[in-house]
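So the sequences go chain by chain: L and E. To convert, take the position in the first sequence, counting from 1, and add 8; that gives the working numbering. To convert, take the position in the second sequence, counting from 1, and add 49; that gives the working numbering.
Since the hints were made in silico from the structure, they are not lab data. Please note that a few of the clues may not be correct.
[As the list claims (entries may be wrong)] Derived DSBU-like pairs: lysine-lysine, alpha-carbon spacing no greater than 30 Å straight-line:
| hint | chain 1 | residue 1 | chain 2 | residue 2 |
| --- | --- | --- | --- | --- |
| 1 | L | LYS164 | E | LYS162 |
| 2 | E | LYS204 | E | LYS218 |
| 3 | L | LYS164 | E | LYS218 |
| 4 | E | LYS218 | E | LYS162 |
| 5 | E | LYS350 | E | LYS389 |
| 6 | E | LYS162 | E | LYS204 |
[Said to hold, decoys possible] If we take Cβ atoms under 8 Å as the criterion, some of the chain L residues that face chain E in the derived model are:
| hint | residue |
| --- | --- |
| 7 | VAL82 |
| 8 | ASN89 |
| 9 | GLY91 |
| 10 | ILE106 |
| 11 | THR403 |
| 12 | PRO406 |
This one's a predicted model, so the numbers in the text were calculated from it and none came from an experiment. Beta carbons: idealized from backbone N, C-alpha and C, even for Gly.
If you want the building blocks of each chain, they are given just below.
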Amino acid sequence: MSAHRSPSLLLAGLLAASCGEAAEDGAASPPLAGGDTTIQNRTSNAYSFPAPNLSEEELDRHLDGDVAFEATFVTPPAPVNGGLGPRFNSSACIRCHIRDGRGPAAVDAGAFGSPLLVRVSLPAGESAVPGGPVPVPGFGLQIQDQAIWGEVPEAKIRLDWIEETGAYADGTPYALRRPLLEIEPAEGIELPGDLLLSPRIAPPVFGLGLLEAVPEELLLALADPDDVDGDGISGRPNFAWDVTRGAPRLGRFGWKSNTPTLLQQSAGAYADDMGVSSPLFPEADGSHEIPRETLDAVTFYVQTLAVPARTAWTDPAVAAGEARFRAIGCARCHVETLETGAHEVAAVAFQTIHPYTDLLLHDLGPGLADGRPDFQATGSEWRTAPLWGIGLAQTVLPQATFLHDGRARSLEEAILWHGGEAEGAKEAFRTMDRAAREELLAFLRSL
Amino acid sequence: MYTRIAAALLATSLLFACGEDEEVGAAFDDRQIVVDYADKVVIPTYELLADRLAALSTSVETLAGETTPANLAAAQQAWIAARVPWEQSEAFLFGPVDFNGFDPALDSWPVSKNDLDAVLASGSEFTPSFIASLQETQKGFHTVEYLLFGDNHAKSADQLTARELDYMKAIARELADVAGELAASWTTPNGGQRAYRDIFVNAGAGNSAYPSLSAAVQEILDGMIGICDEVANGKIADPYDAHDTTLVESQFAWNSIADFQDNLRSVQNAWLGGVPLAGTSGRGLSDWVASVDADLDARVKAEIEAAIEAIGAIPGPFRDAINDPAAYPAIENAQQRIRKLQTTLEEQVVPLVLR
């Protein structure tokens, strides 16, 4: 598998492309989505390259992290990669974050394990950490529906989809689908009547160091929790629990911004998704199955994956779509440009980036609501999803889908699911004529 | 380390790519190369894999029926033969092999010996649905390898237990089935989408996966470069740098050197547009590059051959070579040859094809 990548390939490709284009039509370069971490690649590898501005030593660390990200864990004790389970969702980071991108919205998917996982909690009770969701006896905060040989998974999960139909203002019909979960708990686990649950797909992992490097003040300045400016868009920060500091901290990662740092996000995924303990989330006796170095390597890896540059940005339809994206208000939450600040990883510090997110929570209405609060996020609030690289989602993984539970089979469907604060923007899209909709989608595909 | 080499060459490539005296020639527009890559390289390689894994399954059945030294040797040979097309497919580890999970289903590593021992000790019947429910790390190529060759390459027919034989029959059959699905995967519609082959060969405006022909060619080149990098800097470097035999690929069969050579043959097949073992030939990137820069094409061909030869010069088995100072020069020479090819592809071929 592709654990090793040479950055020189990318740079050569980047240079060749940019010089070639300049020679052909004299057009300016596209805005560099990830600043100096941007690469030129529109293949299925597009999310998997190291940032081209890493030093030699950093590149070595990145490649070590790449190996760890691909490592398949097995039942302990074992000479190589022991520590899986006993219960888990999948056996390697890469099995859900496929080619460093999205995971398929599927459970019990053969070698992938269950790349769609189900978060659970109770509406009241004692939370695991201050301000966090309340664990469910037998499950915790996540159902682990896979188990190593001889152990019993916490539940059997069945995923079905319910279709509903709608129509654009011009009469063109569309179909949307929502997930229907059937949970059959293991013997000895009771399904509480007031169980809150939320299915989640694995998000892409490139560009995350840049998002971590956006100064907190900048994000808080974008927030407008009480909609003081009266534009119908609030934007609320989520303050999640920082395990390392033992204190609340601005959340940035996860579908509800419920995790403050990539270190904690990575350790959480090892612990909850793979059943692998680490110094951040050790076993009851304090021991752990991976050392701090592995955790650091994987954290560094996701901090330093390059962001793919836009394509076809000079196409008139793409430019028209971009103007519509702004005009109907998408960019009020999907903020086009942010500046990063200081960060321990120099490559991601002080960059001008185009992630199309504010990392804040927005109420997207009852259609998308999971009814499961997570720290300050309500059951109908979601973090604005970054849109950079989204045009490559189905190049990287043809069966990739969108939104937190992967219900949207296309970008069109993803837009149509927006409600709440985004109802106006959604309606503007729904009532556009077909040509205008196509332009907006062409813009998204150029990202 | 290769990163230093890459960084040094990067400076050169800057000069080449944007030098004022550079002549920009015609952009790559040879769709037949992309078509033949799919039809004459990728699909025939997977079909050969399916045939050879079916043959392995038959050999294992024979071995289980009559557990003789000759039948064990035959099954071991069938495993090695099936390994060839798999390793020759690793210059194209994209598409269904990856996104449908065929790669982990066929080739997961490491083998979970705890789970394997436990399942053998259990009373479970090895039905197809039972086998399908197991972790991929207790089946696939490497579990069959472990059962056929043993820990120290010293498996004898009389050591094979009835449970091991039963289990091996079941997982060899599953391997053959998975390979059959893989062979069909490029030409079978996927969910609501066109077959992957049709998406790939129709790269161009309006294609949402590959919006230009050069995106498809970039995918081909990325695959070739990726496996060079993987062999030199992963498959060889990881166990060699750590002098750790547990990190060696195909360590039970002592087949690592053949694996690495077949990886480079995969690059060769992608370059030339055909698979000699499958009797296919078509138009390859080599043809287009030769028409623009015949020297470069000749250099790539020679460097592929030199890399294959240098890998073959490592004294086997590789698991011993990594701890034998007398073998170190040969190991490092093989790495250098592969890196040289990789660099030529990165610094000369990619800029030419994607200009």
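Status of the hints after comparison with the structure:
| no. | hint | in the structure |
| --- | --- | --- |
| 1 | L:LYS164 x E:LYS162 | holds (26 Å) |
| 2 | E:LYS204 x E:LYS218 | holds (17 Å) |
| 3 | L:LYS164 x E:LYS218 | holds (29 Å) |
| 4 | E:LYS218 x E:LYS162 | holds (18 Å) |
| 5 | E:LYS350 x E:LYS389 | holds (12 Å) |
| 6 | E:LYS162 x E:LYS204 | holds (16 Å) |
| 7 | VAL82 | holds (4 Å) |
| 8 | ASN89 | holds (6 Å) |
| 9 | GLY91 | violated (11 Å) |
| 10 | ILE106 | holds (6 Å) |
| 11 | THR403 | holds (5 Å) |
| 12 | PRO406 | holds (6 Å) |
In summary, the structure is inconsistent with hint 9 from the numbered list given earlier, while agreeing with all the others.
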